[in-house]
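Protein chains in written order, with my numbering: chain A, 7 to 394; chain B, 64 to 389.
Honestly, the hints are just simulated from the structure, not real lab data. The structure displayed is predicted, hence computed values, not measured ones. Backbone N, C-alpha and C fix where the C-beta goes; we use that ideal spot for every residue, glycine too. One should not assume that every hint holds.
Listed below are several chain B residues computed to face chain A (Cβ distance under 7 Å; list not exhaustive) [claimed, not checked]:
1) HIS79
2) GLN100
3) VAL130
4) THR132
5) GLU279
6) ARG352
7) ARG354
8) VAL355
9) ASN386
Single-letter residue listing:
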Amino acid sequence: MSAPTVTPKRVELDYTGSERLTMNMGPQHPSAHGVFRAVLTLEGETVIDVDSVIGYLHRCHEKLSETLTYAQYPSIASKTDYVAAMTSEFAYVRAAEVIGKFEVPKRAQYLRVITAELQRVASHLLWLGTWCMDMGGALGGGATIFLYCIRERELILDLFESLVGARLLYGFFQVGGVRYDIPSGWADSCRQTVDVIDQRISEYERMLENNPFFMARAQGVGVISRELAESVGISGPLLRGSGVAWDLRRADPYSSYEDFEFKVPVETAGDCFARYRVRMVEFRESLKIVRQALDKLPEGPISSRPGLKSVAQTRVPKGEAYVRVEGARGEVGCYLVADGSAKPYRMKWRGASFSNLAILPHIIPGHKVADIVAIMGSVDPVFGEVDR
Amino acid sequence: MLELVTPLIAPIVVLHVVIGIVTYVTLLERKFAARMQSRIGPYRVGYHGVLQPIADAVKLMMKEDVVPTAADKPVYNLAPIVFLVPCMFIFATLPFAPGLGVADLNIGVLFFLAVSSMEIVGLFMAGWGSNNKYALLSAMRAVNQVISYDLPFVFSALIPVVLAGSLKLSDIAAAQSGLWFIFYPVIGQLAFIAFIVSTVAAENRAPFDILEAESELVAGFRVEYSGMKFALIQLGEYAHILGASFLGALLFLGAWSGPGPEWLGPIWFLIKAMLVFLLVTWVRWSFVRIRVDQILALSWKALLPATLLLLLATAVVVVWRANAGL
Chain A
7 MSAPTVTPKR
17 VELDYTGSER
27 LTMNMGPQHP
37 SAHGVFRAVL
47 TLEGETVIDV
57 DSVIGYLHRC
67 HEKLSETLTY
77 AQYPSIASKT
87 DYVAAMTSEF
97 AYVRAAEVIG
107 KFEVPKRAQY
117 LRVITAELQR
127 VASHLLWLGT
137 WCMDMGGALG
147 GGATIFLYCI
157 RERELILDLF
167 ESLVGARLLY
177 GFFQVGGVRY
187 DIPSGWADSC
197 RQTVDVIDQR
207 ISEYERMLEN
217 NPFFMARAQG
227 VGVISRELAE
237 SVGISGPLLR
247 GSGVAWDLRR
257 ADPYSSYEDF
267 EFKVPVETAG
277 DCFARYRVRM
287 VEFRESLKIV
297 RQALDKLPEG
307 PISSRPGLKS
317 VAQTRVPKGE
327 AYVRVEGARG
337 EVGCYLVADG
347 SAKPYRMKWR
357 GASFSNLAIL
367 PHIIPGHKVA
377 DIVAIMGSVD
387 PVFGEVDR
Chain B
64 MLELVTPLIA
74 PIVVLHVVIG
84 IVTYVTLLER
94 KFAARMQSRI
104 GPYRVGYHGV
114 LQPIADAVKL
124 MMKEDVVPTA
134 ADKPVYNLAP
144 IVFLVPCMFI
154 FATLPFAPGL
164 GVADLNIGVL
174 FFLAVSSMEI
184 VGLFMAGWGS
194 NNKYALLSAM
204 RAVNQVISYD
214 LPFVFSALIP
224 VVLAGSLKLS
234 DIAAAQSGLW
244 FIFYPVIGQL
254 AFIAFIVSTV
264 AAENRAPFDI
274 LEAESELVAG
284 FRVEYSGMKF
294 ALIQLGEYAH
304 ILGASFLGAL
314 LFLGAWSGPG
324 PEWLGPIWFL
334 IKAMLVFLLV
344 TWVRWSFVRI
354 RVDQILALSW
364 KALLPATLLL
374 LLATAVVVVW
384 RANAGL
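Using the sequences plus the hints, can you model the full thing?
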């Protein structure tokens, strides 16, 4: 099946003699954080064309992977999407496992699910905070909700710290299982954290959805139609916000996701508010999965392979595989070619943010300058994953 | 002798007191915002950060004053002064207690409203003179917004004038010795809400801070300003907020009336003004910013007709009460 081609939108305003203004938004811009540049063509306040420039955060990740062993690279894989570091590790080790047909013990699978879902919650919390900050300003209500979200994200980072020892980039996954078992008392503090966050998310919902200014900024802005969503190749909450029920955890289950009960939220409006709603439901569903996994956590080994004594210990037989997992931002794919040695022959990332960013020229033209930041925020790109 | 000296000294005293209060109002706001956001706020400089505003001021004075090469230099350099002066003028007619003020004009309210909308000239000069696209967009937004919100601001401020029957600020304050205008049934509360909304918008404060809009326009009209010029703009902005808070306290909250001896009057007035200021701050730190077209729609489609109708209703009520001999 070949996807229909779509051309980016151009808006022509029908008054003559108007002067167009070309304005750079970024890379030195509070909303672009030094890693993204949007070249805007404006007529007054209305954007008629947008050109995205990426590559400011390119760090040769794919080439780097050819020089690092299967035991070393998961810690580096964290750095592609540093906001949801667990997911990229997950994709990488699964690719190696698929090629080598390595077993993963049930307990390790459950631990992977727990960390991946907690990571999704942490990532969505950061998204909610920064999105509101983009809309509300660092010197306004946006900063308030940002600090609340960061406070809750901190609880999850504390959990990860007591599990792995690191707070942002983990190296928790390894080929054949996970690196650490949960320490004693961790399950209880995890349950408490989950309850706290569950309750706080309801507070944010009340704070935002009862706020007419927030609704005015989010509803009807940046509408992605279902046809556009399917043809451009976006994934994750963006796709589900446009009415497509597609979630890899359900569509192509991996790591025992079929054992858990959860809903795949779908909204049909396709605007910023629909994407916000999808993520708000995902918060709860992720917390639900964490609770179930903690309840059902089986006993047993955490890795099918012997403990690591040297970095070159893990060898993956010759073969290649494309493996995808559902990250916080959508489909995170890893294409791995192994040549039988301790290092991959070639590796290619499919970053969810990179593909999602392609939607911008289709939806931004026609909106006001202020809407760009709302739309950008609702797309939730992490530039580590875009540029790699 | 005293009659000659007082008019010379009073403005200097008021100016310095105002600058002092403005400096510390920033600390109050930062502490208040920090509480809202479960933070601590300034803490290191002095006891609980009480010296922070002074440290900030010294830092801003020491900073290099950068003038962009492509800027329109006379306009760029003049803009902060043109912005600051009207913001300071608004304190000229404010009586801080009976007979305590620079000039208690017969048309005090009118003077206040006229002068406070003059800051737009400075804003536009800053945006134009900087020769920066962000600043230019911000200046265009500024003109839009100030024109749209001055009218509801004026109409809501005129409601207490109609109730008191005078444009003189001390007369309006005296008329509230019995009942503060905010407690005037229905009209008082609605007028106060309209006043607060249009004040926030006229002051360019969040959620109406589309001129500054740092997530879109970086810092808007003041993106190119640094050092003391930036400090002057900041000072003018906070002076305007403070002046509007005093005006709100005077028009609706009974100015200096309060329990205790008469010399406590100015203190009561200050406390009430701070309450209005904190209310505005509370709004600022709870809402996300709204878009420029939504701001204009809110003014022209809702606030302006509403305040106009309210003003008419107030006039009808006042005339009816006068005829009925109440």
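Here's how the hints hold up against the structure:
no.: 1; hint: HIS79; in the structure: violated (27 Å)
no.: 2; hint: GLN100; in the structure: holds (4 Å)
no.: 3; hint: VAL130; in the structure: violated (19 Å)
no.: 4; hint: THR132; in the structure: violated (18 Å)
no.: 5; hint: GLU279; in the structure: holds (5 Å)
no.: 6; hint: ARG352; in the structure: holds (5 Å)
no.: 7; hint: ARG354; in the structure: holds (5 Å)
no.: 8; hint: VAL355; in the structure: holds (6 Å)
no.: 9; hint: ASN386; in the structure: violated (40 Å)
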